[in-house]
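Novice: Sequence:
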Amino acid sequence: MNAPTLQNPLSSTRPTNELPIAGIIPFSATDWPGKLTVTAFTQGCPLRCVYCHNPQLQGFGSGTHSMAEFLTLLSSRRGLIDAAVISGGEPTAVPGLADAIASIHDLGFPVGLHTCGYAPARIAKLVRDPATTPDWVGLDIKALPRHMHEVTGCSPRVATSVWESLQILQKAEVEITLRTTLWSDSVIERNLNELRSLVKTHSMDTSSELVIQYARSSDGSPWLPEG
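Each residue of the sequence shown is one higher than the last, beginning at 1 in this note's numbering.
These are calculated hints, taken from the structure and not from any lab test.
Bear in mind the structure is a predicted one, so any value in this text is a computation, not a measurement.
Take these hints with a grain of salt, some might be off.
Said to hold, decoys possible - Taking lysine-lysine and the PhoX-like style, the derived pairs with C-alpha atoms no more than 25 Å apart in a straight line are:
(1) K125 / K171
(2) K171 / K200
(3) K171 / K35
Unchecked claim - Computed beta-carbon distance windows for the label pairs:
(4) T160 / N17: 43 to 53 Å
(5) S75 / R190: 45 to 55 Å
(6) A102 / D185: 35 to 45 Å
(7) E209 / D106: 28 to 38 Å
(8) Y214 / E150: 13 to 23 Å
We put the beta carbon where it would ideally sit given N, CA and C, even for glycine.
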């Protein structure tokens, strides 16, 4: 089963430079290991993963929540939550990420970032300034390069981008959790040992391990079989 057709983010309408927030979870215990968070989901992703559990976030647009709304909610949760997480979609493919991270830091909260490493140049720019450097990154390792088109609709080039992003984050000493998503009899599951070996090859940290997540059709993906 192949990924659906991609949308080119460069051709999409982006009316402002504000982070396009399409959804907010005011209290989450699952988006940053060991922390309670307020989580924002950005609108827009250049990938079309077959297991995507947020397909409504794939198209690029302005979002439905303002950054001011998110910051107000975050402030109201002071003492109840530990941090903020920016998820997606793909946050590094949309405008306003650096300003959003800096604004959250200004409130005194650590920032977690979910990304597939799609834009290493943008990640490199983030980590040049402590104000815009995420405190933790959940980095999604989508698939082996030869399976990227089947799993995500993207070319193998995107697979090389994730390794660039990984090394940029490691050099900046950002805390990272490496993650991959499995579903029954997928090419990822069948080649998991090879993917783990590739992580060891590209990581500057020899102790790097993949955390396994499991996709389910009930998560919202129209591309997975029921079960």
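Novice: Checking one constraint from the list: CA of K171 to CA of K200, max 25 Å. Satisfied?
Specialist: Cα-Cα ~16 Å, so holds.
Novice: Is K171 within 25 Å of K35, Cα to Cα?
Specialist: Between K171 and K35 the Cα gap is close to 24 Å, so the pair holds against 25 Å.
Novice: Within 43 to 53 Å: is that where the Cβ-Cβ distance between T160 and N17 falls?
Specialist: Given range 43 to 53 Å: violated, Cβ gap about 28 Å.
Novice: Taking 28 to 38 Å as the hint, is the beta-carbon distance of E209 and D106 inside that range?
Specialist: 34 Å, holds
Novice: Note whether the CB distance of A102 and D185 lies within 35 to 45 Å or breaks it.
Specialist: The hinted range 35 to 45 Å holds for A102 and D185, with Cβ atoms some 44 Å apart.
Novice: Does the beta carbon distance between S75 and R190 stay inside 45 to 55 Å, or does it fall outside?
Specialist: 47 Å, holds
Novice: Can the restraint linking K125 and K171 be considered satisfied, given a maximum Cα separation of 25 Å?
Specialist: Satisfied, since the Cα-Cα distance of roughly 13 Å is no more than 25 Å.
Novice: Starting from the range 13 to 23 Å, see whether the pair Y214 and E150 falls in it by beta-carbon distance.
Specialist: 19 Å, holds
Hint compliance for this structure: hint 4 alone is broken.
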